[in-house]
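Asks: Could you slot chain B onto chain A? The hints should help.
Protein chains: 2
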Amino acid sequence: MRKNYLLTPGPTPIPPQVAEAQARPIIHHRTPQFQAVLKEVNEGLEFIFQTTGDVFILTSSGTGAMEAAVVNLLSPGDSAICVEGGKFGERWIELCSAYGITPEVIKVEWGKAVDPQEIRSKLQAPSSKLKPKAVFTTLCETSTGVATDIEAIGKIVKETDAVLVVDAISGLGAVDLKTDAWGVDVCVSGSQKGLMLPPGLAFISTSIKAWEKINAAKCPKYYFDLKAAKKALDSTDTPFTPAITLVIALSEALKMMRQDGLENIFKRHKLMADATRAAMIALGLELFAPTAGSDVVTAVKAPAGIDGEKLVKTMRDTYGVTIAGGQAELKGKVFRIAHMGFIEEFDIIVGISCLEKVLRQMGYKFELGAGLKAAQEIFLR
Amino acid sequence: MRKNYLLTPGPTPIPPQVAEAQARPIIHHRTPQFQAVLKEVNEGLEFIFQTTGDVFILTSSGTGAMEAAVVNLLSPGDSAICVEGGKFGERWIELCSAYGITPEVIKVEWGKAVDPQEIRSKLQAPSSKLKPKAVFTTLCETSTGVATDIEAIGKIVKETDAVLVVDAISGLGAVDLKTDAWGVDVCVSGSQKGLMLPPGLAFISTSIKAWEKINAAKCPKYYFDLKAAKKALDSTDTPFTPAITLVIALSEALKMMRQDGLENIFKRHKLMADATRAAMIALGLELFAPTAGSDVVTAVKAPAGIDGEKLVKTMRDTYGVTIAGGQAELKGKVFRIAHMGFIEEFDIIVGISCLEKVLRQMGYKFELGAGLKAAQEIFLR
Numbered sequence: 001m002r003k004n005y006l007l008t009p010g011p012t013p014i015p016p017q018v019a020e021a022q023a024r025p026i027i028h029h030r031t032p033q034f035q036a037v038l039k040e041v042n043e044g045l046e047f048i049f050q051t052t053g054d055v056f057i058l059t060s061s062g063t064g065a066m067e068a069a070v071v072n073l074l075s076p077g078d079s080a081i082c083v084e085g086g087k088f089g090e091r092w093i094e095l096c097s098a099y100g101i102t103p104e105v106i107k108v109e110w111g112k113a114v115d116p117q118e119i120r121s122k123l124q125a126p127s128s129k130l131k132p133k134a135v136f137t138t139l140c141e142t143s144t145g146v147a148t149d150i151e152a153i154g155k156i157v158k159e160t161d162a163v164l165v166v167d168a169i170s171g172l173g174a175v176d177l178k179t180d181a182w183g184v185d186v187c188v189s190g191s192q193k194g195l196m197l198p199p200g201l202a203f204i205s206t207s208i209k210a211w212e213k214i215n216a217a218k219c220p221k222y223y224f225d226l227k228a229a230k231k232a233l234d235s236t237d238t239p240f241t242p243a244i245t246l247v248i249a250l251s252e253a254l255k256m257m258r259q260d261g262l263e264n265i266f267k268r269h270k271l272m273a274d275a276t277r278a279a280m281i282a283l284g285l286e287l288f289a290p291t292a293g294s295d296v297v298t299a300v301k302a303p304a305g306i307d308g309e310k311l312v313k314t315m316r317d318t319y320g321v322t323i324a325g326g327q328a329e330l331k332g333k334v335f336r337i338a339h340m341g342f343i344e345e346f347d348i349i350v351g352i353s354c355l356e357k358v359l360r361q362m363g364y365k366f367e368l369g370a371g372l373k374a375a376q377e378i379f380l381r
Numbered sequence: 382m383r384k385n386y387l388l389t390p391g392p393t394p395i396p397p398q399v400a401e402a403q404a405r406p407i408i409h410h411r412t413p414q415f416q417a418v419l420k421e422v423n424e425g426l427e428f429i430f431q432t433t434g435d436v437f438i439l440t441s442s443g444t445g446a447m448e449a450a451v452v453n454l455l456s457p458g459d460s461a462i463c464v465e466g467g468k469f470g471e472r473w474i475e476l477c478s479a480y481g482i483t484p485e486v487i488k489v490e491w492g493k494a495v496d497p498q499e500i501r502s503k504l505q506a507p508s509s510k511l512k513p514k515a516v517f518t519t520l521c522e523t524s525t526g527v528a529t530d531i532e533a534i535g536k537i538v539k540e541t542d543a544v545l546v547v548d549a550i551s552g553l554g555a556v557d558l559k560t561d562a563w564g565v566d567v568c569v570s571g572s573q574k575g576l577m578l579p580p581g582l583a584f585i586s587t588s589i590k591a592w593e594k595i596n597a598a599k600c601p602k603y604y605f606d607l608k609a610a611k612k613a614l615d616s617t618d619t620p621f622t623p624a625i626t627l628v629i630a631l632s633e634a635l636k637m638m639r640q641d642g643l644e645n646i647f648k649r650h651k652l653m654a655d656a657t658r659a660a661m662i663a664l665g666l667e668l669f670a671p672t673a674g675s676d677v678v679t680a681v682k683a684p685a686g687i688d689g690e691k692l693v694k695t696m697r698d699t700y701g702v703t704i705a706g707g708q709a710e711l712k713g714k715v716f717r718i719a720h721m722g723f724i725e726e727f728d729i730i731v732g733i734s735c736l737e738k739v740l741r742q743m744g745y746k747f748e749l750g751a752g753l754k755a756a757q758e759i760f761l762r
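Taken in sequence, the protein lines are chains A and B.
Position 293, counted from 1, in the first sequence is what our numbering calls 293; the numbers after and before it change by one each time, with no gaps.
With the second sequence counted from 1, adding 381 to any position gets you our numbering.
The following block holds chain A by itself, in its conformation from the complex:
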């Protein structure tokens, strides 16, 4: 008789009509019926990405789209700037290294955002003698809850020959990212975050500047080859069998999002984030990223004497409320409450309520209900 609540930064909860769409009788993908769905989702994705460029659907996790960005833009021997301020920034470095691309790493203290000027300096004076051909960044670093100023970075990269690549797996469709207006050449995302779908689909957008690089890139590729994807897209098709039920679910999610409108979606995420942050502070807890906190996930330091891992486990296994623990070097030291996708105020209230309960049981001293009250005050504004 226990209810389950999901407040994790991917997967995020699935709206009932999106969940139901997956269960409909399957249709074949090379039919006019499925082509009509593809046409609709392709348009919907351009709306969400705020681009007039092509957005490709890949059947993979978000990492597949990150790999697609690297192998389609670059050649072995190239160099690229990788901004690393968390686990997902590290992934760009690993990907570049796997394909023989020299990563010019800008190391950012975990919990802090990169200073865009550092990117300017690195572009002007790289460590190796190679001119970096791409700048790989992360919109919302899920592991630390930090948001990056993509708009400012876009202005800097636009003046160079390099392309700007943004991992917006966490964040797209939840916080503002003006792909075209901000000069984002390649934006990658995944289905299980702001788009309110199960994992299994990834997305990648491409600017005209990106296509100049794509046409010259020599990294080996096949499954993630965007030239093949482009050829298919131009006839409203996919190069390989797509995850049909997830694409149909995507069409439902995109309908909801278009109905809501991007401005409302971004406002809702900010409200959820503000309430969560206020609640944490009211409970005497310390935010892991006090100055650059993203609106999709809030990382909170486990207070002295409280094991963050145990807190997360108890909330999940005893009370059915799943939040996320810390990853890599933050394991046990932080917990993370996501407020992304199909989340509204009462989900946040449930999450805070459960957090208060377990913190109290674990012996942490605070005024019971203080977090809830702080959130309520935000929601009543």
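Just so you know, these hints were derived from the structure itself, not from any lab.
Mixed in with the good hints there might be a few duds.
[Said to hold, decoys possible] Only part of the chain B face toward chain A is listed, based on derived beta-carbon distances under 10 Å: (1) Pro392; (2) Gln403; (3) Arg405; (4) Thr412; (5) Ser442; (6) Ala449; (7) Val452; (8) Gly571; (9) Ala583; (10) Pro601; (11) Asp606; (12) Pro623; (13) Ala624.
Glycine is no exception: its CB is placed at the ideal position from the N, C-alpha and C atoms.
Replies: Relative to the frame of chain A, chain B by itself:
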């Protein structure tokens, strides 16, 4: 008020309990709850693959698993034998070429099966001076309906240093493939065929001999890196966020298949194939692969004066019965009726009935009901 019937070689129809499983509230993948599912599906996959080796789940279409086989087993500059008797055999050649591997092509006439002795000859006397390190084959060539004698090929490859790789995307869990007993080192498959799932998952099995190659292989890779997959599998995890709802659906499909038993599943597929073939012959139609027809899909030549594409379109768009047309050089010349996965005798009856109706409308001369009667006779045996 029209009902839709799916008789295509992927996707295949989804059983109701498998479809429903996708729509359940989503759970997080790094939880004991999901680990229990992963453990169960990993065991179920070993059962279906008839192997004691590791079987990895990838979030991709089947082509992703084919790429995983190539990049994990080989290094640029290697050579490999590719058996090409259809569109999917061609894919092995394209994949090898994309990664700098010289394909030693054994060209087989479309509609015929490869003679295993040709593989022996090619292994002993390759065209290039390189010793082929792998033999890439196709269990059931979906584009032509041809079945390959993997058991015989296994005996030949086993005596060499090369590994045998089988594309069993079409066929696994539908016709017999004894991965371990027949010496199949790497077997790849997809979710939307014999496993009765939507597309979106791919699978790859690995023998001990395969791991010797994997440990030495130098092709670049990241998303499809089996060493990372192995590390994750050993702690009942996946290296990247898996397609959670599809994995949960997989656990339902595997339960059904274990309950049925492999022998019964294979017998059922043979019965459906026999009935389909008998019906086509009774209608005076010619099978595209009269001697090596697989039990998962039957390719039939469009009779003189009948446009195969128009036949398929009319069946689908006017009557709701979706079969497949011909691919590549067979476009318009053949149609293909699949009898794979969640298909039983009355699905075949519906398919034949609709085919008879449309053939009659298109002016083809035959005795109405002759196909149905021939199928009935097989089903009554």
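Asks: Take the shortest C-beta to C-beta distance between B:Ala449 and chain A; is it under 10 Å?
Replies: 9 Å, holds
Asks: Could you check if B:Thr412 really has its C-beta closer than 10 Å to a C-beta on chain A?
Replies: Result: holds, 7 Å to nearest chain A Cβ.
Asks: Are B:Gln403 and chain A close enough, Cβ to Cβ, to be under 10 Å, as the hint says?
Replies: Holds. Min distance 4 Å.
Asks: Would the hint on B:Gly571 stand, with a C-beta cut-off of 10 Å toward chain A?
Replies: Status holds, d = 7 Å.
Asks: Does the interface hint hold: is B:Ala624 within less than 10 Å of chain A, judged Cβ to Cβ?
Replies: Because about 3 Å separates B:Ala624 from the closest Cβ in chain A, which is inside the 10 Å limit, the hint holds.
Asks: Does B:Val452 pass the interface check with chain A, least Cβ-Cβ distance below 10 Å?
Replies: For B:Val452, the interface hint holds, since the closest Cβ of chain A sits about 8 Å away, which is under 10 Å.
Asks: Holds or violated: is there a CB of chain A closer than 10 Å to the CB of B:Arg405?
Replies: Hint on B:Arg405: holds, closest Cβ of chain A at ~8 Å, below 10 Å.
Asks: Tell me if the interface restraint on B:Ser442 is satisfied: Cβ within less than 10 Å of some Cβ in chain A.
Replies: 4 Å, holds
Asks: Tell me if the interface restraint on B:Ala583 is satisfied: Cβ within less than 10 Å of some Cβ in chain A.
Replies: Holds, because the Cβ-Cβ distance from B:Ala583 to chain A comes to roughly 9 Å (cut-off 10 Å).
Asks: Does the CB of B:Asp606 sit less than 10 Å away from some CB of chain A?
Replies: 8 Å, holds
Asks: Against chain A, with CB atoms and a cut of 10 Å, does the hint on B:Pro623 hold up?
Replies: The hint holds - B:Pro623 has a Cβ within 10 Å of chain A, the shortest such distance being about 7 Å.
Asks: Taking the closest Cβ pair, is B:Pro601 under 10 Å from chain A?
Replies: 5 Å, holds
In this structure, none of the earlier numbered hints is contradicted; all agree with it.
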